[in-house]
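Chains as they are written, first to last, in my numbering: chain A, 669 to 1161; chain B, 669 to 1161.
Honestly, the hints are just simulated from the structure, not real lab data.
It is possible that part of the hints are untrue.
[Said to hold, decoys possible] The calculated BS3-like cross-link candidates involving lysine-lysine, where the alpha carbons are at most 27 Å apart (straight line), are: (1) LYS892/B x LYS872/A; (2) LYS1111/A x LYS1154/A; (3) LYS1106/A x LYS1160/A; (4) LYS978/A x LYS790/A; (5) LYS892/A x LYS892/B; (6) LYS1140/B x LYS1111/B; (7) LYS978/A x LYS1111/A; (8) LYS1106/B x LYS872/A; (9) LYS1160/B x LYS1111/B; (10) LYS872/B x LYS892/A.
[Claimed, not checked] Okay, the calculated bits of chain B under chain A, using three or more residues with CB under 8 Å as the criterion: (11) 705-717; (12) 900-906.
The structure presented is a predicted model; accordingly, all values stated were derived computationally and were not measured.
Every residue gets a Cβ at the ideal spot worked out from N, C-alpha and C, and that includes glycine.
Chain residues, written in single-letter form:
2 protein chains.
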Amino acid sequence: MTAYDDLMAFERQTQALGQVAGRLGWDQETVMPRGAGAQRAEETEALEHVLHQRRTDPRVGDWLGAIEADKLDAVGQANLRHIRRRYERTQRVPITLAGEIARVTSSAQGIWAEARANNDFKAFQPVLEKVVALKQAEAQALADGGDAYDALLDDYEPGATAAELQAMFDALRPRLVALRDRIMGADHQPAPLMGSFAEPAQMKLTREIARAFGYDMAHGRIDKAVHPFSSGSGLDVRITTRTSPADPFGSIYSTVHEVGHACYEQNIDRDYLLTPLGAGVSMGVHESQSRIFENQLGRSRAFTGWLYTKMAEVFGPLSTPDADAFYGAVNRVTPGYIRTESDEVQYNLHVLLRFDLERDMIAGRLAVADLEEAWNTRFERDFGVAVDLPSNGCLQDVHWSVGLFGYFPTYSLGNVYAGCLMQALRDAMPEVDSHLAKGEPGKVTAWLADNLQRHGGLYEPREVITRACGRKAPSEAPLLDYLEAKFGEIYKL
Amino acid sequence: MTAYDDLMAFERQTQALGQVAGRLGWDQETVMPRGAGAQRAEETEALEHVLHQRRTDPRVGDWLGAIEADKLDAVGQANLRHIRRRYERTQRVPITLAGEIARVTSSAQGIWAEARANNDFKAFQPVLEKVVALKQAEAQALADGGDAYDALLDDYEPGATAAELQAMFDALRPRLVALRDRIMGADHQPAPLMGSFAEPAQMKLTREIARAFGYDMAHGRIDKAVHPFSSGSGLDVRITTRTSPADPFGSIYSTVHEVGHACYEQNIDRDYLLTPLGAGVSMGVHESQSRIFENQLGRSRAFTGWLYTKMAEVFGPLSTPDADAFYGAVNRVTPGYIRTESDEVQYNLHVLLRFDLERDMIAGRLAVADLEEAWNTRFERDFGVAVDLPSNGCLQDVHWSVGLFGYFPTYSLGNVYAGCLMQALRDAMPEVDSHLAKGEPGKVTAWLADNLQRHGGLYEPREVITRACGRKAPSEAPLLDYLEAKFGEIYKL
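The whole structure should be built from the sequences, with the hints applied where relevant.
Encoded structure:
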C-alpha cells in the first residue's frame, strides 16, 4: 500500500459516511415520524462529529505530504486536488471559530424563521450581525491574504472569483432589467393555466416525465416533501417533489429541476463511486444541469407542445386553447417578490441583488443594520415594485442565517452555464426540438451525460463547462440571446 | 467532568451512531432503490467500522478503570455494567478472529440462500463447518474457562445459562408433544378462515390494531417489507408488515408481534434515551413482549371476539359462522415444517430442536456432516412427520449461516416469560378480558409498560421479569397450563 492507496481507502469510508449523512437528511424530510426530531438531531450531530474528525485527521496531512503527485495519473491527481483543498481549508479555520459558527448558525436559523413569520427584521438583526462577523473572520482565515469573499465562494465554486462573476453579472443586469420592463409593458400577456388537477394524477405524470428526462428509478426514488430537493450520489440519488391541485407546473418543473441535479449525480462514471470525483463538481455546474433540464429543455416550445397534449389526455381539456397558449402559460412572467417562485427572466435579478449585498456585508461596506433599506432600494430599482413586507424582502431566504455566504451567485452562474451548454447542444444535435416534441428529452439529456455529467469531479468546474462547449470560454451572451429571443416571441415584443 | 461523565458522553454518541446504523437497515428493507445495494454495503461497512472502533476504543478501558462505581446511583451502576460487559467481550476476542468471523459469515449467508433454494445441504456443509469452528473459537475466547455455549448465549440473554434453559425446556417438551398429539387426533378440527381480503383494507385495519395495542405513530411508522421487523429505539421505532389477500391473519398477527417489540422500545423511560438503558434488555425479554402481545392477548378469545365483528364490518360476512369458530380459525394447529409459520403449541418444539442441535455442534458432539440426519430424526420424533426437503428442514433458518448460535433459545425463553407475565397480569388486572373484548388492548399493555417496559436496561433480564411477576421466579408451568387450557377448549379435548 502506498500513501495514496492509504489515503484513498480512508477517503472512501469518509465518502460512504457522508452518503449516510445525506440519507439521514432525506429520511428527516420525507419519512421520519414527527416526534423523532430530538433524537435525530443527536444522531446527525454524532455523525457530523465523526465526519469532522475524519476530515481533519492528521493522518490525512501525513499522507498528503508523502504522496508523489507527479507519479499519479489524471484521476489520481484530481482526487488529490479535491482532498488537499478540503483538508487545507479545514486546517486554516481555528477549531474554536468553526465551533462558534456551528453554534451560532444553528440558533440563528430558528431566530430567522420566527422573524420572518413576524415580519420583524430587527429581531433577526443581532444574530445576523454575529453571523456576518464570524463569516468575516472565517473568510479572513481561509483567504490567507487573498480576497475574503472569494475564499467563501471557493467552498461552492472552486476557482471562481467575485471579480469574474461581477463582470458577467454586470453584463446580465441591464439587459434583464430592460427585457423585464418590455415584458411587463407588452400588450400581449399570456393567460395562466386554470383549473384543478388531481394530485395522484400529477404524481403519476411527474414520475413519467422524470423517467423521460433520464432519471433512473433503479437508482433513485421520488417522494413528497415540503421543499423539493435532490439527495445522494452514485447508486442512490433520491428526489422529492410537492403537488398543489391548482398548480400542476409547480410539481412538474420542480421535479424536472431536481431530475437535472439527480441525473448529474447518477451519470457520473461509476469508477468514481465513493471518491471525491463521484459527485457534482460545484454548485454552479450542478445548477447548470438543473436549469437546462427545467428551462431550456423543459419549458421549451417543443417540449411544452408534447406536454400540452399529454396533460389534456391526463386531465381532460385544458383552459389554454392551443399549444402556443400553453407555452405562454408555462412561461408567464409576473411581478413577484420571491426568488424561488420567479421565472427565467427575473430569477437572475433576484440573485444579483443578493450577490452585491452579501459581498458588501462581508467586505464591511454594508452594515447589517442597513441591510433592509439597501435591499428595498435595490429591489425597487430592478423590479419596479416596492417591497411590502420583510418576509417578501430581505427575510425571505434561509441562506444568510445558516452562514451561506458565497452560495447565491452560483445560481446565476449555473444559468449562464446552462445558456452556454444549450448553445453547444444545439450545435452538436440539430434535431433537439424534434426529440423534445416527441416527449423524448432523454435523447437530449444523453448529450449532457456524455459531454459533462460523466466527468464528475475530474476537471475544475470552469474546465468541465468549456470542454462541453467545444473549448469556448463561458459567457453570459448565449443566455441573454436565448431569453430575449424566447420571451420576445412569447410576448410578441 | 468525571471519568463517568466522559464515558457517558462518548457512549451517547456511540448509541446515536448505532441508531443510525439501524435506520440504514430499515431503509434497505423498505425504501432503498433496487440498484443501490453495492453502495449501501460500503456505507454500512463504514459505519460498522466506526462503531467497532468506538466500542474497542482504549479510552473506554481507561474510563472504566478510573470510575469509582460505588459512588454511582443505580442508573449509573447499570450503565457501567452494560458498557463494561460489552467492552470486556470485545477485548476477549482477538481482532483477527473477529475479522474472520465477519468475513466468513458474510459469504456464508449467500451460500446458505443458494443451498436452500437448491435443497442441497452438502453445498452448505463446508461453509457451515467453517462458521461452527470459528464460533467455537470465539466461544472459547469469550468463556475464559467457563462454558463455551453460555458465553455465546450471553450475547443475547445476559446472565442466562444453558443448564437453566435446559431444565425449563426439558419440562416443556413432553407436555407440548403430548398436547400436539391430542390436538392432531381430536375429532373437532376448526375450519380455517376462507376468502379474499383486499390488501389496502388489511393495511388500514392493521394500522388501527397497532394503535389499539399502544403503538405510538408519532414515534414510529408502518411500512411493507418482505419480512416483518421492528427497528430502532427511543423516539423513532419503526415496524414493517406484509399482506397477502388470502391470509389477513398473517398481516394482523405479524404486526401485533412487532408492535410488542416496538412498544417495549417506545415505552422505556425517556431519561434513558441514547444510553445503554434505552433499549430492550435482552432477546428473551423482548420476545416475551412480542409474544404476549401476539398470543396471550391478540389470539385470546376476548380479543378475537372483537376482531371477528371488526373484520366482518371491514370485509363483509366471514366464512366462520360465529366468534367461537373465528377463534378456532385464528388458533388452528396444523402439521408444518417451518418454525416461522408455526402456532403457539408447536413453535417451542421447533426451537427446542435447534437449541439441542446447536449446543451439540458448539460442544463438538455433533459434526456438521451429521446435522441433516440429526435434524430429521429429531423432527420426526417430536412432530410425527418426516422432513421431505432440506429447505423444510435444517436449511430453513438463516441464523447459523450468519453465526447466530445461542440466539434460538431466547425465542422459547420469551414464550416462557410471556406465560409468567400473563399470569401476573391477570392477577393484577382481573378485567383483562373485558378490555380485550372491547378492542382496547392498550389498556392491558399499559400494565406491561408500567411494570416492565419502562425499565429498559436498568435491571438484569431475569430480574426485570421477576419484578413484574411479583418476585416469583420464572417457570414454564404458567405457559404450559395456559396452552393446555386454551387448546383443550378450542379442540374440545
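Right, here's what the structure says about each hint:
{"no.": "1", "hint": "LYS892/B x LYS872/A", "result": "21 Å, holds"}
{"no.": "2", "hint": "LYS1111/A x LYS1154/A", "result": "22 Å, holds"}
{"no.": "3", "hint": "LYS1106/A x LYS1160/A", "result": "26 Å, holds"}
{"no.": "4", "hint": "LYS978/A x LYS790/A", "result": "49 Å, violated"}
{"no.": "5", "hint": "LYS892/A x LYS892/B", "result": "18 Å, holds"}
{"no.": "6", "hint": "LYS1140/B x LYS1111/B", "result": "24 Å, holds"}
{"no.": "7", "hint": "LYS978/A x LYS1111/A", "result": "18 Å, holds"}
{"no.": "8", "hint": "LYS1106/B x LYS872/A", "result": "41 Å, violated"}
{"no.": "9", "hint": "LYS1160/B x LYS1111/B", "result": "31 Å, violated"}
{"no.": "10", "hint": "LYS872/B x LYS892/A", "result": "21 Å, holds"}
{"no.": "11", "hint": "705-717", "result": "holds (count 10)"}
{"no.": "12", "hint": "900-906", "result": "holds (count 4)"}
The structure is inconsistent with the numbered hints 4, 8 and 9, although it conforms to all the rest.
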